[in-house]
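Chains H and S, in that order, are what the protein sequence lines are.
Here this note's numbering = 1-based position in the first sequence + 9.
Here this note's numbering = 1-based position in the second sequence + 2.
These aren't lab readings, by the way, just hints derived from the structure by calculation.
A virtual CB, placed ideally from N, CA and C, is assigned to each residue, including glycine.
These stretches of chain H come out as covered by chain S in the derived footprint (C-beta under 8 Å, 3 or more residues):
| hint | stretch |
| --- | --- |
| 1 | 101-107 |
| 2 | 126-139 |
| 3 | 189-195 |
Have a look at the derived ranges for each label pair, beta carbon to beta carbon:
| hint | chain 1 | residue 1 | chain 2 | residue 2 | range |
| --- | --- | --- | --- | --- | --- |
| 4 | S | Glu221 | H | Val174 | 58 to 68 Å |
| 5 | S | Asp40 | H | Asp148 | 31 to 41 Å |
| 6 | H | Ser188 | S | Arg141 | 15 to 25 Å |
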Amino acid sequence: MASKDVTSKDMTPIAVEPVIVEPAAAKETEGVIKLLDHDEWLRRQSYSDSLLSPIFQLLENVKDPEIPALSIWDMGILRRVESRGDQLTVVITPTYSGCPAMDLILEQIDTELRQAGYQNIKVDVQLSPAWTTSWMSEDARQRMQQSGIAPPQESVSKAQPLCPVCESKETELISEYGSTACKALYRCTSCLEPFDYFKAF
Amino acid sequence: MSDNDQLIKYVVRLGDDALVIGQRLLEWCSNGPFLEEDLALSNTSLDFIGRARFFYSYAAELSGQGKTEDDFAYTRDCRDFSNCLIYELPRGDFAFSYVRQFFIDAFDVLFFEAMQSSSNEHLVAIADKAIKESRYHLRHSSEWMRRLGDGTSESHQRLQSAINSLTEFVGELFEVDDFLEAMISDGTAVDPRLFQAQWQATVNTVFEQATVSLPEQGEWHQTGGREGNHTEHLGHLLSELQFMQRAYPGLQW
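Bound-form chain S, shown alone (with noise of 0.2 Å):
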């Protein structure tokens, strides 16, 4: 694989996870628990459909050929998308989407920070834009950790539910495979291993705070996204996205 190859690789990972979990964050639209909610909900799944447009418009620079970002959101299948299983698992109750985004935030602060190093001049300005998003998104879940985990007995139940669903989906996110190590090495990716640590920590004080705890995480978790190999979930997330593209190939709005 050419170096440019790797790296169109790579960024279309980027926009793969930020796409998906934009979609599911925009299922709540319209159905949120109350007005403002509704509203921050899909104010956040903006933010990471901006992004997602970001990466992928950058993808299509990097193939030439006339692509564009719309190539890669809507005409590949299940099997070319890289995203991890997180994103894609749907919403369910509150809870479930919450502590979802709450991971997928603590997460993103400290990748975006450290990908404000990389070698590659145009992720870092994304990572510039990303990261201030991200902070007023980890503010947001974190706080709603707290008030579910510290609320009712059915608030806290459906939390700690939640949770334990969950964790099984974390390892993926820190997973290195080879095709990552290289493109660590030469300085353009983020090594998520470095800060699983702090991940963790930031997790478990908030945690503690909402009065809830993370089960014990074996070896083993969830994992095959990268790979293309995804939940059923995503075929279904797939097909209401590309819908019009792929009833009416090459429309033009």
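So that you can see chain H by itself, here it is in the shape it has in the complex (with noise of 0.2 Å):
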């Protein structure tokens, strides 16, 4: 285990760091085009792929259920299409470790791909690489302002979302916590509106 050893040899506690409780602060990002990681690079160069492309069509059909404006495409949650002879196989990841709605998108994708007549289908379920939002593509996130929620801010220590409904920059915090545990809850003290921010992670 590479972990660092913070106890002196007779047990007892020499003076360590406590554990940092704010996410990591921004890094000067402006004008910056910012790389894909690996994975996400491979998967949207899939995308592309004349064999997968009808079925990539068909699944775009599979929306977020907490956010109809997006299919699982555009979250990133569809990672991968493999077809093997008859044998389709679709491999999705979950974004939070208990987000519900896995089990309603599992059940989706197979209708959606058996309803085109598929009928040989597997669904796997893919915990590595974890899923993070900057898999999300820039189209994905201006769907999702338009559909009234703030989009998620990358690198940054402390969001400031724009307003969904008047796009004002005086946005406030009222809960970490929203109508998800993927989602916060802000205010508008502009138009007074309440929106959901859906945090970086």
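Each chain sits in its own coordinate frame; assemble them with the hints.
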């Protein structure tokens, strides 16, 4: 185990840093084009694979139950599609550990593919690499904003979301937990509307 | 015990810890002091239940024989559960629930950080997800320590009482028995002793900000959960959790 040994030999505690409870501070990234991590880059390349394209198109009909404007592709939940003979394998990854929508998404993928005539279907849930909001495309973020949910702000220690209703920057946090565990509750001090913010992680 | 059985035993321990605290947190659903906190507690519970599902599903996969996560959650009785005692204590008042949660969150952040270096890839994958959630949990529970400790005289008193009651249950989190020692030396398991001082430092820092104090911890602490020697409270928790499966064995939704 590569853990730091922070006790002295006779087990008396030595001075240590307490756990940092704030998320990592923002790094200056203005004007820098962010690199996608390799797994995400591969995923986006595979979308244009001519053999799998019809399947990806079909699965665009499976939307995130909480955010109907976005499909499981947009959310980065749909990772991979494999076709071997007549066996079709769809690989998805859960957003956060307890996401209750996963079971529904599994069912909907199966239904969508069966309705299109596929019979030999397997849906795998892959835990690693861990899902991250940085996999959401710019287009997906915009559509999320339009549907009334402020999209995640990556690499900032304190999110300052724009109000999805009036686009004001004057917003404040009401609660870290909103309508679902992946969202926080904010309020616009300009138009006074409350709204959900999708947390970056 | 075969290597596979040992791994299953370790993974089930982690699943039990998560399921029991998930169930306790869920008891606040619709009983929260105000809506946002009700949501926070319910959502935190969901994170833990999600982890329990990951751990139990992994254990089921390792067991083979057509076992599922439900077999672990719903068909075992108290003596077979191996969670630490602190998780199964009743929710008490709001201060009690949050002191317990704060102790657990401070532990989990360090625990899952360490688990990211495990030699077992599946556990690393679970840790990668869990660590992100635990950081949010810790931020939230630390905030409540400050608000309650540095709040009114009543909130301060309730917080200090809760701390005084819960301290004796902390030691068990850092216990290492022979079984765990073996799992640690092959790189699979986390050695909690390595971060005990850091846990202590975190707790001390937040408690100082909250103007409360941790009582002197003596040699003795509550223990027995890992061997299946539980408090009465676990029995009540399981009878609620497992009612349907016991009343209608083999039911299908």
